Structure formats: C-alpha cells, structure tokens
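Let the sequences and hints guide you as you build the complete structure.
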Amino acid sequence: MANEKLDVLQGTLALMILKTLETMGPLHGYGIARRIEQTSGDLLSLNYGTLYPALLKLEQEGYIASEWGVSDNNRRAKYYRLTRAGRKQVQRETREWEQTTAILARFLAGEEKS
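In case it helps, numbering that gives the first Met the number 0 puts the sequence shown at residues 0 to 113.
There may be inaccurate statements among the hints.
Unchecked claim - Capping the alpha-carbon separation at 27 Å, the derived lysine-lysine pairs in DSS-like fashion look like this:
#	residue 1	residue 2
1	Lys-18	Lys-77
2	Lys-87	Lys-4
3	Lys-56	Lys-18
4	Lys-77	Lys-56
5	Lys-18	Lys-4
6	Lys-56	Lys-4
Worth flagging that the hints you see were computed from the coordinates, not collected in a lab. These figures come from a predicted structure and were not determined experimentally.
As structure tokens, this is what we get:
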C-alpha cells in the first residue's frame with residue numbers, strides 16, 4: 000500500500016497545471032505531467048488521458064496559450080505558457096483552495112467554531 004499512487008483529485012488538475020507553468024515557465028505536456036508527479040513526491044498518478052483535455056480546456060478559457068517548438072530530444076512538441084488571464088486565475092484558485100483546505104482542516108480536527 001505504501002507504493003500505491005493516488006489519483007489526482009477532481010478539480011485540482013487545472014490549478015496544478017497553472018501553478019506548474021507559473022513556476023517553471025513554458026513546458027510541453029509531458030514536462031507538465033512529470034513536474035506535477037515530481038512535485039507530489041511521486042505520490043500522484045497523472046492519467047495522461049486527462050492531462051491533454053485539461054490543457055485544451057485551459058487554452059479555450061484563455062488561461063494558457065500554446066505554440067509548437069522542439070523538445071530536448073529534438074522532437075516537435077506543443078509548448079504551453081501562462082497568459083495574463085491565467086496568472087490572475089492562479090491567484091484566484093489558490094485563494095479558493097486555501098479557504099477550502101482550512102475549512103476541511105477544522106472538520107478533520109473535530110473543532111467547532113461558534
């Protein structure tokens with residue numbers, strides 16, 4: 000059970016993608032996936048079949064933009080970068096997740112606030 004990887008929680012993938020691009024700069028899809036897995040300490044298992052639709056959705060929403068380039072191994076790859084709207088979205092989603100986790104922490108600790 001110690002070697003079992005967790006699935007990415009619903010609703011967190013977009014934020015992880017945006018935060019990865021904010022931190023690392025432009026990356027291709029495989030680079031984004033590997034960085035998310037590395038950042039999790041290899042505890043998350045990223046389904047590549049969910050990554051590319053998420054990238055497409057973020058691009059359609061205007062949070063990321065893409066362009067074709069050449070990868071380190073000299074192959075053609077689509078590189079994604081954060082847009083100005085994407086930078087604002089990272090901040091907004093980060094605040095929302097911080098609030099959500101603070102609320103959940105209260106429940107998990109069994110505290111009641113009046």
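Right, here's what the structure says about each hint:
At roughly 18 Å between alpha-carbon atoms, Lys-18 and Lys-77 fall within 27 Å of each other, so this suggested pair holds. Between Lys-87 and Lys-4 the alpha-carbon distance is near 31 Å, which puts this suggested pair outside the 27 Å criterion. Restraint check for Lys-56 and Lys-18: the C-alpha separation of about 16 Å stays at or below 27 Å, so the hint holds. At roughly 15 Å between alpha-carbon atoms, Lys-77 and Lys-56 fall within 27 Å of each other, so this suggested pair holds.
This hinted pair checks out: Lys-18 and Lys-4 have alpha carbons roughly 21 Å apart, not beyond 27 Å. Proximity of Lys-56 to Lys-4 is assessed by CA-CA distance (about 25 Å); at most 27 Å being required, the pair is judged to hold.
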